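Based on these hints, arrange chains B and C with the ligands on the given structure of chain A.
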Amino acid sequence: MVTFRVFRFSPEKDKKPRYVDYNIEDTCGLTVLDALKLIKTDMDPSLSFRHSCRSAICGSCAVSVNGKNMLACNTQVDALGKSRIVIEPLPGYPVINDLVVDFAPFFGQYRSIRPYLVSESQPPEKERIQSVEARKRYDAPAQCIMCAACTTSCPIVWTDDKYLGPAALTKVWRFVADSRDEITDERLAMVNNEYGVWRCHTMFRCAEACPKEIDTTEAIENLRREVLKRAFSRRR
Amino acid sequence: MRKHDVVIVGGGLAGLRAAIETSREVDTAIISKIHPLRSHTGAAQGGIAAALGNETPDSMEEHAFDTVKGADYLCDQDAMEILINEAPKNIYELEHMGVAFSRTPEGKIAQRAFGGHSKPRACYAADWTGHTLLHTLYEQSLRQKMTFYDEWFALSVALVNGTCAGVTALDMKTGRIEAFSAKSVIFTTGGYGRAFKITSNAAANTGDGLGMFLHAGLPLEDMEFVQFHPTGLYQHGILVTEGARGEGGYLLNDKGERFMENYAPEKMELAPRDVISRAMQTEVNEGRGIGGSDFLHIDLRHLGKEKILEKLPQIHTLALDFVGVDAITDPVPIQPTAHYSMGGLPTTIDGNVISDAKNTPVDGLFAAGECACVSVHGANRLGTNSLLDAVVYGKQAGIAARDHAKGTQFVNFPDEHLREVESDVASLLAADGKESAPKLLTNLQNAMTQLCGIYRVKEDLELCIERVKDLLERFQNIGAADKGRIFNTELIDTIQTRNILEFSEVMAVGALAREESRGAHYRTDFPKRDDKDWLKHTMAWMEDGKIRLDYKPVTITKWEPQERKY
Amino acid sequence: MLKQSGFGYYVRKIARTWKETGTLAHIVHRVTGILLVVYLMVHIYVVTQASLNGEGYESILKTFRDPLFAAGELIMIMGGLVHGLNGIRLTLFDMGIGLKHQKAMFWAFMVIAVAIWFVGLAIVWPVIGGG
Ligand SMILES: Cc1cc2nc3c(=O)[nH]c(=O)nc-3n(C[C@H](O)[C@H](O)[C@H](O)COP(=O)(O)OP(=O)(O)OC[C@H]3O[C@@H](n4cnc5c(N)ncnc54)[C@H](O)[C@@H]3O)c2cc1C
Ligand code: SF4
Ligand code: FES
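Chains as they are written, first to last, in my numbering: chain A, 1 to 236; chain B, 1 to 566; chain C, 1 to 131.
No lab work stands behind these hints, which were simulated from the structure alone. For clarity, every value in this text was computed on a predicted model and none was experimentally measured. The reader is advised that the hints may include incorrect statements.
If you only want the chain A side, here are some residues facing chain C, beta carbon under 8 Å, derived [unchecked claim]: (1) 11; (2) 17; (3) 91; (4) 94; (5) 102; (6) 158; (7) 159; (8) 203; (9) 205; (10) 215; (11) 218; (12) 221.
Residues from chain A shown here face chain B by an in silico Cβ test under 7 Å; the list is partial [to be verified]: (13) 45; (14) 52; (15) 57; (16) 74; (17) 117; (18) 123; (19) 132; (20) 135; (21) 146.
Built from N, CA and C at the ideal position, the CB exists for glycine as well.
The following block holds chain A by itself, in its conformation from the complex (with noise of 0.2 Å):
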């Protein structure tokens, strides 16, 4: 039997939050958004959570695990190892119902890094030619489900609104590496600042907290780095 102590806070009737324990016989093959689904269709209808593929695709379902970020659906309860699990909200944002946070400071953030490839020159009839190396190159970043899983591991963004966070961050290294996208400089400036590439601490939390194994610690640090080669080749 497992326990699954879980995070409720209902907006209209309570001040904080309760813990609430449900126990689950068997936990065999369960994965931990099926023991959430569980949960709701057979012990409490008004759990909230947020869910969708099912498959760690959409980026839904991430939560915080016996205080780890991950998500509920890729998770196999019995890998857990553990006879007690605490399922809270990711940390750092606001809590709207439950288990839903309000991610509006997390696409706040990714909008305002204009995160889209901009190439004014004409493109070509076809497509873009363009290397099996170069595409390499930004293939790890492109993968990003912006699971908000690294970003609300992060303490500087507990902390700090104003920083951009690793995910944010990730998608500028993902346009940035790509051979197609023409506002490189404007790229870097943006992250070059207190809010950017130079208030990560380096503590790893958000690349281990990763479900689709980004290291988003090293997007970071390859940010900084095209930052200070740019700087330098301006002043020669």
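Chains B and C with the ligands only, in chain A's frame:
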């Protein structure tokens, strides 16, 4: 009341592609019940089709023929030709927008072979093609001016004298319901595989658009055609790509036999999807499922660790994470999974919704993507043609909706419509009956899977309809445990369940009426295709709680029906 | 909505996950950093005192020979080493070196810190303890 020239319901591939077209010239809003980046387009793995000829010479004619044949001749060939001819241009456009396509050694867009296609024409980005398409289109839409209503749940479409006046939607964060007045409305609410127990579809794929149309007195087309993919992870339904068999994987039954020998001795595991799904169902029905249960095995062990990790890394992770099986050392449990819905909201080739079998357009109402039925996929869709459908017809519908909005005035949004919707939701919230939506849904999914699934027969279908009617009846006695307004997911589940119940009845009724076997629709009591009587589209309405059927001819341009053999 | 941010939240949350190597390194770095700043200020104060009046300087020098103070001094040296070496680790990351081995690098640098510290101890022991 909110006012926008164009309101798009759905933020998936089709919705975003439409929005990019409309927002260039008219005020556009996107309503999406989940954040657009969470849409199920992101789950598409394999690729998006276009006869680019980057790997081997290819032509649009071949692509068109493959598609018609795949569709078992039920597609409208004029619409299908637009899809195929516009494909290359659209793919290049996507590349220019920033889609992370994989590349050939010369740096062109890489293409791979896919089931039913005679040439390698699936443009792909590793095994996350849908993900990069969705993200890129969302990114590009942020460059343009449009309003996003994220986590707003559309509830109804309002028609005034046959003209679309707008929609109503529930803001999940506050629980408030608002009217959206619009000159043009585009529905892109996506697939609806959640009517089945085992599906590759996401929890959000509940066919809300279909429910809204039925309530507005509009028809649905070809709803009986549902594609089952042979290899879904057992009990999860999550897709194991066709590539697993392409690389040499075996399908095994309880006795460890490669049972496809008995069904398709030549093609074995690489026979068409519908053939394999039917074979698997037969094995299970005859008690040769693993341990007498309802699943079979896909065995990749003989491929060796290296090949599995190199060619099928995603499948390896999925099997580990979701069924706890290491494909390197153990066979993976699988079963057929409801995958794609060919039918939907009927439209013209401009994406304009029609209200009858004579193609009478509904002023100001458009649809595109998986929820729509143009029909380009007929009785069976070919892999990689549906992302293409969402892009090409998303754009078509966007253009048509934009032009319509430019040349017309707002229709007054009927207040009484909003009040009706509000009182409906209020009564669902106040309901204190005994039934719960998840339980009704589970019952429905079991019924649909057992009685209206891969094999269909008159008696089963009649029973199925009876069950669905019964469930609809029981829905009247629903109860709400959560009375809150703010992010009430129980309420959302309840509304979604009602939508699924309603369109499921249409599926079963259409399947019972169609006395032939064509594409994905297989009747054991009518195992042959019947072009004389059944080369036509089903149109279905809900009138006073009953389903009324009518039929619409299939448009044929160049390709006369032939026997379909692979 | 329920707020989940601020300094108090930071302290509570991080207290639950301090065992993660990257986080531990961060905490150690912060704590030693603060200690070093405090120490530096004391140091500057002492030096200033010394240059202002000679007598005070003498008495301060006496406290320096106090074993308790010596122990404190040793801890400070350790703090400096840890902070400095972890600083090198972070700089290496900035140069793109060792990102994939951050945990091993942290512990390796800590071992080096302890080693240097013992060597240092062996050198200064005659002066403070034995002398
Ligand atoms: C696992 C899987 C793999 C696939 N692989 C391929 C492939 O390789 N190649 C291929 O061509 N096709 C593939 N398909 C099919 C293809 O992905 C879909 O047909 C296509 O993505 C549908 O796009 P869409 O925009 O119509 O719908 P979706 O992307 O599903 O978007 C639907 C949108 O509607 C919104 N919505 C729904 N209801 C409401 C409501 N009530 N109110 C407000 N908003 C609402 C949702 O929020 C969502 O934004 C695959 C499908 C699956 C399930
Ligand atoms: S980088 Fe990883 S953890 Fe961060 S948002 Fe993207 S997928 Fe999630
Ligand atoms: S439900 Fe989509 S990522 Fe978990």
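Right, here's what the structure says about each hint:
no., hint, verdict
1, 11, "holds (7 Å)"
2, 17, "holds (7 Å)"
3, 91, "holds (6 Å)"
4, 94, "holds (4 Å)"
5, 102, "holds (6 Å)"
6, 158, "holds (5 Å)"
7, 159, "holds (5 Å)"
8, 203, "holds (4 Å)"
9, 205, "holds (6 Å)"
10, 215, "holds (7 Å)"
11, 218, "holds (5 Å)"
12, 221, "holds (6 Å)"
13, 45, "holds (4 Å)"
14, 52, "holds (4 Å)"
15, 57, "holds (5 Å)"
16, 74, "holds (4 Å)"
17, 117, "holds (3 Å)"
18, 123, "holds (4 Å)"
19, 132, "holds (5 Å)"
20, 135, "holds (5 Å)"
21, 146, "holds (5 Å)"
The structure shown violates none of the earlier numbered hints.
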